[in-house]
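> Taken in sequence, the protein lines are chains A and B.
Using this note's numbering, you'd call the opening residue of the first sequence number 1 and step up by one each time.
Using this note's numbering, you'd call the opening residue of the second sequence number 408 and step up by one each time.
Among these hints, one or two may not hold up.
Not everything, but these chain A residues come out facing chain B in the computed CB check (under 7 Å) [claimed, not checked]: (1) Arg18; (2) Tyr162; (3) Leu300; (4) Ala301; (5) Ala336; (6) Pro337; (7) Ala357.
If the Cβ cut is set under 8 Å, some of the chain A residues that face chain B in the computed set are [said to hold, decoys possible]: (8) Asn67; (9) Arg68; (10) Val70; (11) Gly247.
It is worth saying that the hints were derived from the structure and are not from the lab.
Just so it is clear, the structure is predicted and the values come from calculations on it, not from any experiment.
Using N, Cα and C, we set each Cβ at its ideal position, and we do this for glycine too.
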Amino acid sequence: VKTLISAIDGVAPSSESRPSSAEELAETLRSSNDAGLAITPVGGGTQLALGNVPHRVDRLLHTTGLNRVVEYEPADLTVTVEAGMRFADLQANLAEHGQFLALDPTAEPEATIGGLIATNASGPLRLAYGTARDLVIGTRVANPDGTLTRAGGRVVKNVAGYDLNKLYVGSLGTLAVIVELSFKLAPIPPATASVVGQFDSFVDARAAVDDVLHSPLSPLAIELLAPGAAALAGMPSSNVLVFRVGGYPRAVERQVRDLTALVGRHGGQPIEASDAWDSVATMRQAANQRDVVLKAAAPLAESATLMTLLQEQLADLDPVVWVSAGNGVAYAACSAPTSVDRLVELRRRVAQVGTNASLVLQRCPVELKQHLDVWGDVGASLSLMRALKDKLDPRGTLNPGRYVGRL
Amino acid sequence: MTDTLTPMAVASTSAIVDALRQLVPEDRLLWRDYDLMLYEYDGSIDKQRPAAVVFPLSTDEVSSIVKACTRLGAAYTARGAGTGLSGGAIPAQGGVLISLARMTRILELDVENLRAIVEPGVVNLRLGQAVAEFGLTYVPDPSSQKACTIGGNVGENSGGPHTLRYGVTTNHTLGLEVVLPTGDVVQVGGSALDTPGYDLVGLIVGSEGTLGIVTRIWVRLVPIAETVKTILAVFPSMDAASSAVAGLIARRIVPAAIEMMDNLTIRAIESRAPSGYPVEAEGVVLIEVDGLREEVDEQAEAVGEVCRENGALDVRLAKDDLERAKLWAGRKGAFAAIGRLTPDYYTVDGVVPRTKLPATLARVQEISRESGFRIANVFHAGDGNLHPLILWDADEAGAEERVIDAGAEIMRVCAAAGGSLSGEHGIGLEKKDLMPLIFSQDDVAQMLRIKNAVDASGLCNPGKMFPTAGRCLELFARRGRAVGW
Chain A
1 VKTLISAIDG
11 VAPSSESRPS
21 SAEELAETLR
31 SSNDAGLAIT
41 PVGGGTQLAL
51 GNVPHRVDRL
61 LHTTGLNRVV
71 EYEPADLTVT
81 VEAGMRFADL
91 QANLAEHGQF
101 LALDPTAEPE
111 ATIGGLIATN
121 ASGPLRLAYG
131 TARDLVIGTR
141 VANPDGTLTR
151 AGGRVVKNVA
161 GYDLNKLYVG
171 SLGTLAVIVE
181 LSFKLAPIPP
191 ATASVVGQFD
201 SFVDARAAVD
211 DVLHSPLSPL
221 AIELLAPGAA
231 ALAGMPSSNV
241 LVFRVGGYPR
251 AVERQVRDLT
261 ALVGRHGGQP
271 IEASDAWDSV
281 ATMRQAANQR
291 DVVLKAAAPL
301 AESATLMTLL
311 QEQLADLDPV
321 VWVSAGNGVA
331 YAACSAPTSV
341 DRLVELRRRV
351 AQVGTNASLV
361 LQRCPVELKQ
371 HLDVWGDVGA
381 SLSLMRALKD
391 KLDPRGTLNP
401 GRYVGRL
Chain B
408 MTDTLTPMAV
418 ASTSAIVDAL
428 RQLVPEDRLL
438 WRDYDLMLYE
448 YDGSIDKQRP
458 AAVVFPLSTD
468 EVSSIVKACT
478 RLGAAYTARG
488 AGTGLSGGAI
498 PAQGGVLISL
508 ARMTRILELD
518 VENLRAIVEP
528 GVVNLRLGQA
538 VAEFGLTYVP
548 DPSSQKACTI
558 GGNVGENSGG
568 PHTLRYGVTT
578 NHTLGLEVVL
588 PTGDVVQVGG
598 SALDTPGYDL
608 VGLIVGSEGT
618 LGIVTRIWVR
628 LVPIAETVKT
638 ILAVFPSMDA
648 ASSAVAGLIA
658 RRIVPAAIEM
668 MDNLTIRAIE
678 SRAPSGYPVE
688 AEGVVLIEVD
698 GLREEVDEQA
708 EAVGEVCREN
718 GALDVRLAKD
728 DLERAKLWAG
738 RKGAFAAIGR
748 LTPDYYTVDG
758 VVPRTKLPAT
768 LARVQEISRE
778 SGFRIANVFH
788 AGDGNLHPLI
798 LWDADEAGAE
808 ERVIDAGAEI
818 MRVCAAAGGS
828 LSGEHGIGLE
838 KKDLMPLIFS
848 QDDVAQMLRI
858 KNAVDASGLC
868 NPGKMFPTAG
878 RCLELFARRG
888 RAVGW
């Protein structure tokens, strides 16, 4: 097998394999584990920038040979697929039945469903639908000892056994290799629309968001774009608030009416932009190509604080900053600073915004990465995480060094 | 290397009581046999008396109790209100029962951030009432919500009628403070989302108190819906009723709640506290739609259409809040109403894919005929979560074994339909030996690795969830239908 992946953070793999079944994958994993080889599971290879610099990459284990739909019963609103299936292919398949998997991460066409789940990728729609942890109902994984194990199931409500689904989501392939996933699905809303407002200040925009969050209005997403992000989205270079609404046509009309009025009440100026939602997606995609991409999380009322902090601290690095304002999750994409101290200081400031506020470097040049943990300090819970890692992957075969605390 | 369950060391009762006396005052410690009797059971069938019951008031006290138990080699089990239905709060191997019932403070109502921080002993309904004045609500609403605690809900990952659209406890729990089996206290998650690292909140919610003791919980609050409509659809058969439910999902209508009740349940409810259900109906479906006025109107219309297409005899919209409340009182009081028909009833909890509801309900009726027990059905149809209530009499010789067998048979049907052993009550003691119906030996071994990674001494709520070695095969062998690997 030959792929375009020459190295992960400068560490070159010495071999790779692309099994065509879960059993074959598990067997490859077992033999690698026995041989003391370090394994990096790879889907579409679109998110390899995430994580600390690996200690070793002896073998790339591709999941793209596992790309079948295992079971899809539209009337149950659930689907089971192999992990190496492309996310875009899955969505196309579901759309034929008026359904979708309610995740909208910034994903390249090659991105696989397994990769997106292993990295806990999410997007603006999380406000209404949650994230992978809320949508994954079952998993099948290959373990370093070669066993294939299931957790959860194919039904939407299930408390039998430990909810290991949650553990595998976002674990960056450090505990096991996901080979199959079951999801609960959502109907595609019959109608959708966007409401866009431009504001002179973050604070006014944030007040508008606060009003909406405490009202019965239920937008699918609320994105607040700082001027740099707005400009990149082809909108006026100011603070731009974008609401996405969906549902029955009459309810959508009502939300558009109410949100437009609310924008005005808070000193915002409504903008006519029928393609606003596509523009936001394009902006996210473009921002993701920058040298540095940061994700900051804080209690949701601190969304504006986060934005101001990112905007000010990164001001000389041509920053593109935006926030999922209903969730308190902000992103910044910028040029690389010359020193890692800048990022360390930014992280310290973000941490002060809330008890478990965090700053993750999702993408960052290797030279900077070498000097800090891209995930930050997870505190006292690290010992528990390490205990789990040691038990599930005792030889440290899976993605050594890349996860929190360099597990 | 295969993980195994750590065998139990047995500490003497006097050593346990002496140790606990050093940690809490006498009025927060029970050890006389007479006092302990109340704590030997929960809402399930099993019983086991603890050596002592202790009532901590703080995280530090919980931590010191856990450390003392570990030092003594005494098992410990957390308990909330004891309303659980799978034996989660039963001290299966004796030892110390740690009651969180006196840690009842709502520590913070953070309206701005739509969060609350509560202690585990806060009663579910009380949290809902406390946030209502701010126009907010806490979604998970188990039928026992007047009594059950948020801590217990976290332990079992409880559901309720309104979790169909909005998710169960795990979807509304953002952070936990946990006393680990080492006695160490950690905070996982919190007010902010996306904490880096493994999702330990997700692992611990629903772990049935086997991975530590939760002492503080960060929950998500949501605004109360603008409009709510409750619809009662009356059907000539359960088959028609369940086809209507499948029809709703197939038409991509996901209401806030879809609850189904059969004739036995309807009659029980109407004879106890009339709620407006027609006693001659073979099945009724209670459907609630909520949201914006415009959305609710369209949904209600569509719901009516689907019900009529599937043979509904009547589709009735509650005309005001009073009528709505009455319809719900009937549903939430259904278990109590069944309790008046029979000396005992066994609540079974199983899940099937929603398209398999009609066939599964038909099989449940056959099991009722074969076993000779009456079975009432009252359940969360929208998520395919069945609750057959098996009516029985504990005083009748041999009945317990037969009623458990009937329950296991229903589980077998759910498993064969591609479903699960539990939608919201947990595995606990009740179903641990049925785990092979849906999980392989390797699947359970993986879960055991988690258990042993977190609870190396094996003292934290032992005897739950994991099949008893060797027992699975023999348990149902008497019916000639072994469960095992």
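> All hints are to be evaluated individually against the structure, with a verdict given for each.
Hints versus structure:
Below 7 Å, beta-carbon pairs count as interface contacts, and A/Arg18 has none with chain B, the closest being about 24 Å; its hint is therefore violated. The beta carbon of A/Tyr162 comes within 5 Å of a beta carbon in chain B, closer than 7 Å, and the hint placing it at the interface holds. With a cut of 7 Å, the hint placing A/Leu300 at the interface with chain B holds, because the nearest CB-to-CB distance is about 5 Å. A least Cβ separation of about 4 Å between A/Ala301 and chain B falls short of the 7 Å threshold, and the interface hint therefore holds.
Violation of the interface hint for A/Ala336 is found here, the shortest Cβ-Cβ separation to chain B being roughly 21 Å, above the 7 Å cut-off. At a threshold of 7 Å, the smallest CB-CB gap from A/Pro337 to chain B is about 21 Å, leaving the interface hint violated. For the restraint placing A/Ala357 at the interface with chain B, the shortest Cβ-Cβ distance is roughly 5 Å, inside the 7 Å limit, so the hint holds. At its closest, the beta carbon of A/Asn67 sits 22 Å from a beta carbon of chain B; the interface hint therefore is violated under the 8 Å criterion.
A distance limit of 8 Å between C-beta atoms decides the matter here; for A/Arg68 the minimum to chain B is near 18 Å, and the interface restraint is violated. Given the 8 Å rule on beta carbons, the hint for A/Val70 is violated: about 12 Å separates it from the nearest Cβ of chain B. With its C-beta approaching chain B no nearer than about 5 Å, A/Gly247 sits inside the 8 Å limit, and its interface hint holds.
Consistency note: the structure conflicts with the earlier hints numbered 1, 5, 6, 8, 9, 10.
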